[in-house]
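*Asks:* Sequence:
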Amino acid sequence: MTPEQLKSSILQYAIQGKLVEQRSEEGTGEELFAQIQEEKKRLIAEKKIKKEKPLPEISEDV
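First residue of the sequence shown: 55, per this note's numbering; consecutive thereafter.
Keep in mind that the hints were calculated from the coordinates and are not lab data.
Careful: at least some of the hints might be erroneous.
[What the hints assert, rightly or not] 25 Å max Cα-Cα, derived DMTMM-like pairs, lysine to aspartate or glutamate: (1) K105 - E93; (2) K95 - E80; (3) K94 - E106; (4) K72 - E85; (5) K105 - E92.
Model the full structure from these sequences, guided by the hints.
*Replies:* Structure (structure tokens):
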């Protein structure tokens, strides 16, 4: 196995979450996302960041 293949393999395992066990005290991705959304709402209310503009809808134009 070449160093590049090893690097690629390690990165793939990292992306898949297979390098270490999931610890319950860390929470899930969904919980983290909810915390981030709450923090964004708080920062918008305090006018520390601007509200994001909605993205245009995706259409199936050919």
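*Asks:* Would you list, in rising numerical order, the hints stated earlier that this structure does not obey?
*Replies:* Checked against the structure, no hint fails, so every one of them is satisfied.
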